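K.L.:
Heads up: the protein sequence lines correspond to chains A and B, in order. With our numbering applied, the first sequence covers 202 to 422. With our numbering applied, the second sequence covers 27 to 247.
No wet-lab data here; the hints were simulated from the structure. Treat the numbers as computed from the prediction; the structure is a model and nothing was measured. Quick reminder that beta carbons are idealized off the backbone N, C-alpha and C, glycines included. Just to be clear, a hint being listed does not mean it is correct.
Stated by the list, open to error - Far from chain B, some chain A residues (derived; all Cβ distances over 12 angstroms):
no. : residue
1   : Ala251
2   : Leu261
3   : Ala262
4   : Ala266
5   : Ala270
6   : Arg276
7   : Glu296
8   : Leu329
9   : Ala366
10  : Gly385
11  : Thr393
12  : His394
As the list claims (entries may be wrong) - Computed list of chain B residues with no C-beta within reach of chain A, every gap over 10 angstroms:
no. : residue
13  : Leu87
14  : His147
15  : Pro194
16  : Pro218
17  : Gly224
Said to hold, decoys possible - Now the in silico label distances, taken between C-beta atoms and shown as ranges:
no. : chain 1 : residue 1 : chain 2 : residue 2 : range
18  : A       : His409    : B       : Leu193    : 49 to 59 angstroms
19  : A       : Asp228    : B       : Leu133    : 33 to 43 angstroms
20  : B       : Arg182    : A       : Glu216    : 18 to 28 angstroms
21  : A       : Phe336    : B       : Ala74     : 48 to 58 angstroms
22  : B       : Met27     : A       : Ala330    : 27 to 37 angstroms
23  : B       : Leu133    : A       : Gly401    : 31 to 41 angstroms
24  : A       : Asn239    : B       : Arg183    : 24 to 34 angstroms
25  : B       : Gln244    : A       : Ala380    : 33 to 43 angstroms
26  : B       : Arg183    : A       : Ala269    : 47 to 57 angstroms
27  : A       : Gly401    : B       : Arg183    : 33 to 43 angstroms
28  : B       : Met27     : A       : Phe336    : 32 to 42 angstroms
29  : A       : Asp224    : B       : Leu193    : 42 to 52 angstroms
30  : B       : Arg39     : A       : Gly386    : 31 to 41 angstroms
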Amino acid sequence: MTLFTGRNLVCVRGERRVFAGLDFAVDAGAALVLAGANGSGKSSLLRLMAGLLRPASGTLAWDGAATAADPDAHRARLHYVGHLDAMKPVLTVAENLRFWAGLRPGRRTGNPGDAVGPALETFGIAHLADVPGRFLSAGQKRRLTLARIVTAPAPLWLLDEPTTALDEAATASLEAAIAGHRAGGGMVVVATHTRMAVDGARVLDLSHFAVRSQGAGELGS
Amino acid sequence: MSRFLHIARRDVRLAFRQGIGGLMAVMFFVLAVVLFPFGVGPEVNMLARISAGVIWVAALLASMLSLEQLFQADFEDGSLELLALTPMPLEVVVLAKVTAHWLTTGLPLIAAAPLLAVLLHMNTEGFTVLIVALALGTPSLSLIGAVGAALILGSRRGGVLLSLLILPLFIPVLIFGVGAVDAALAGFTVRPQLFVLGAFFLAALSLCPWAAAAALRQALE
Numbered sequence: 202m203t204l205f206t207g208r209n210l211v212c213v214r215g216e217r218r219v220f221a222g223l224d225f226a227v228d229a230g231a232a233l234v235l236a237g238a239n240g241s242g243k244s245s246l247l248r249l250m251a252g253l254l255r256p257a258s259g260t261l262a263w264d265g266a267a268t269a270a271d272p273d274a275h276r277a278r279l280h281y282v283g284h285l286d287a288m289k290p291v292l293t294v295a296e297n298l299r300f301w302a303g304l305r306p307g308r309r310t311g312n313p314g315d316a317v318g319p320a321l322e323t324f325g326i327a328h329l330a331d332v333p334g335r336f337l338s339a340g341q342k343r344r345l346t347l348a349r350i351v352t353a354p355a356p357l358w359l360l361d362e363p364t365t366a367l368d369e370a371a372t373a374s375l376e377a378a379i380a381g382h383r384a385g386g387g388m389v390v391v392a393t394h395t396r397m398a399v400d401g402a403r404v405l406d407l408s409h410f411a412v413r414s415q416g417a418g419e420l421g422s
Numbered sequence: 027m028s029r030f031l032h033i034a035r036r037d038v039r040l041a042f043r044q045g046i047g048g049l050m051a052v053m054f055f056v057l058a059v060v061l062f063p064f065g066v067g068p069e070v071n072m073l074a075r076i077s078a079g080v081i082w083v084a085a086l087l088a089s090m091l092s093l094e095q096l097f098q099a100d101f102e103d104g105s106l107e108l109l110a111l112t113p114m115p116l117e118v119v120v121l122a123k124v125t126a127h128w129l130t131t132g133l134p135l136i137a138a139a140p141l142l143a144v145l146l147h148m149n150t151e152g153f154t155v156l157i158v159a160l161a162l163g164t165p166s167l168s169l170i171g172a173v174g175a176a177l178i179l180g181s182r183r184g185g186v187l188l189s190l191l192i193l194p195l196f197i198p199v200l201i202f203g204v205g206a207v208d209a210a211l212a213g214f215t216v217r218p219q220l221f222v223l224g225a226f227f228l229a230a231l232s233l234c235p236w237a238a239a240a241a242l243r244q245a246l247e
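Please model the entire structure based on the sequences and the hints provided.
P.N.:
In structure tokens:
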């Protein structure tokens, strides 16, 4: 079943069309890899999917219903990993994670902190739980960011260059986490330049949707 | 509601972890007021006459000091993006952060005000009204300031811009705040001024979170 779809999406950044006429569909348990050169709009598409950007035209739909109609419900079912790690240097690793976990739906009954330990374990930073964030290396910060998405369940993962600064072991952990997530019916959309082993992923090459002539790309006055 | 407290608690904790960061506003407040006897001379009658105005102006400037950082740090490290993606209205996030701002600056200012009133030889009849007026006025300052803090995101030299944007908007609070204390010192009724301050607070409470959230959405695009 096709759960998450985009139809005829147009993205405008700074009065320049980044891509136009883009369609995508992600089924339950499927993965979509975004490919394309720098500036082809991979990050913009992920931000569109998350609802941080609004498409200039076109619609995003979840199970047939437009996501714009109920943004709160849409945000409740997604995890977004951007370029920044959203980590507070003065809070410990566990405190950082517990904060983000506490803002998610589900787990209202249980203590959101319960999932923190296993999530840190997944990415091999459980021994750093009580270390303030400012002492982490770039790769460890990245692992913490990824631990955030496994702490609270959400069906849709939107990952923007998730392997930046990760070593091989952590990349393998991420691939395993993605596989586990998909086995449970979750969906993953990932933009990456490095080789990631994502089984059976569909590849969406954004350069096909680039607006070639700059003249056509300008907004009408 | 629990998420509202979750965010407010995290912001208060961040303020305390940053060491003197939380105390900076109140220290500035005390120092700014202490400068006046040096500037205008230690004549008791003169100081008593200007005391209400001096304390209010210093409180205004002090609460503005920390406003610049209200959203800036979260904006720079990507936390704001994630807060905007949590399944609750961005207005609630704004309100939680404003509450934390008031708890870490407004409340210490109110606590320090009587001490400074003694220093400036204010007549004791004005003390209670001064505290009540500050308690009604400082939340409005935090709320109005949040709109300015959201608007300056991403701009350089934001602090100066912030003061240009919001200091004019603080003037009504200043007029009625000082008016209430002066009325009490002169033996008149203070209810009208306090009611107006309360009305300002309710108006700011109902309008500012929406305005600030709209500005934040703009900044995140």
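K.L.:
Work down the list of hints and note, for each, if the structure agrees.
P.N.:
Against the structure, the hints come out as follows:
1. Ala251: violated, 6 angstroms
2. Leu261: holds, 14 angstroms
3. Ala262: Since the minimum Cβ distance to chain B is about 18 angstroms, A:Ala262 lies beyond 12 angstroms and the statement holds.
4. Ala266: The claim stands: A:Ala266 keeps its Cβ more than 12 angstroms from every Cβ of chain B (closest is about 16 angstroms).
5. Ala270: Non-interface label stands for A:Ala270: nearest chain B Cβ at 15 angstroms, farther than 12 angstroms.
6. Arg276: violated, 5 angstroms
7. Glu296: violated, 8 angstroms
8. Leu329: holds, 17 angstroms
9. Ala366: holds, 14 angstroms
10. Gly385: With a cut-off of 12 angstroms, A:Gly385 remains clear of chain B, as the shortest Cβ separation is near 20 angstroms.
11. Thr393: At about 18 angstroms from chain B, A:Thr393 clears the 12 angstroms cut-off, so the statement holds.
12. His394: Since the minimum Cβ distance to chain B is about 20 angstroms, A:His394 lies beyond 12 angstroms and the statement holds.
13. Leu87: Holds, since 26 angstroms exceeds 10 angstroms.
14. His147: The claim holds: B:His147 sits with its nearest Cβ about 41 angstroms from chain A, beyond 10 angstroms.
15. Pro194: holds, 31 angstroms
16. Pro218: holds, 42 angstroms
17. Gly224: holds, 32 angstroms
18. A:His409 with B:Leu193: 49 to 59 angstroms: Given range 49 to 59 angstroms: holds, Cβ gap about 52 angstroms.
19. A:Asp228 with B:Leu133: 33 to 43 angstroms: Roughly 52 angstroms apart at Cβ, these two residues miss the hinted range, so it is violated.
20. B:Arg182 with A:Glu216: 18 to 28 angstroms: holds, 22 angstroms
21. A:Phe336 with B:Ala74: 48 to 58 angstroms: The hinted range 48 to 58 angstroms holds for A:Phe336 and B:Ala74, with Cβ atoms some 53 angstroms apart.
22. B:Met27 with A:Ala330: 27 to 37 angstroms: At 28 angstroms between Cβs, range holds.
23. B:Leu133 with A:Gly401: 31 to 41 angstroms: violated, 56 angstroms
24. A:Asn239 with B:Arg183: 24 to 34 angstroms: holds, 30 angstroms
25. B:Gln244 with A:Ala380: 33 to 43 angstroms: holds, 38 angstroms
26. B:Arg183 with A:Ala269: 47 to 57 angstroms: Given range 47 to 57 angstroms: violated, Cβ gap about 36 angstroms.
27. A:Gly401 with B:Arg183: 33 to 43 angstroms: Hint violated: Cβ distance 51 angstroms, outside 33 to 43 angstroms.
28. B:Met27 with A:Phe336: 32 to 42 angstroms: With a Cβ separation near 34 angstroms, B:Met27 and A:Phe336 satisfy 32 to 42 angstroms, so the hint holds.
29. A:Asp224 with B:Leu193: 42 to 52 angstroms: holds, 50 angstroms
30. B:Arg39 with A:Gly386: 31 to 41 angstroms: holds, 36 angstroms
In summary, the structure is inconsistent with hints 1, 6, 7, 19, 23, 26 and 27 from the numbered list given earlier, while agreeing with the others.
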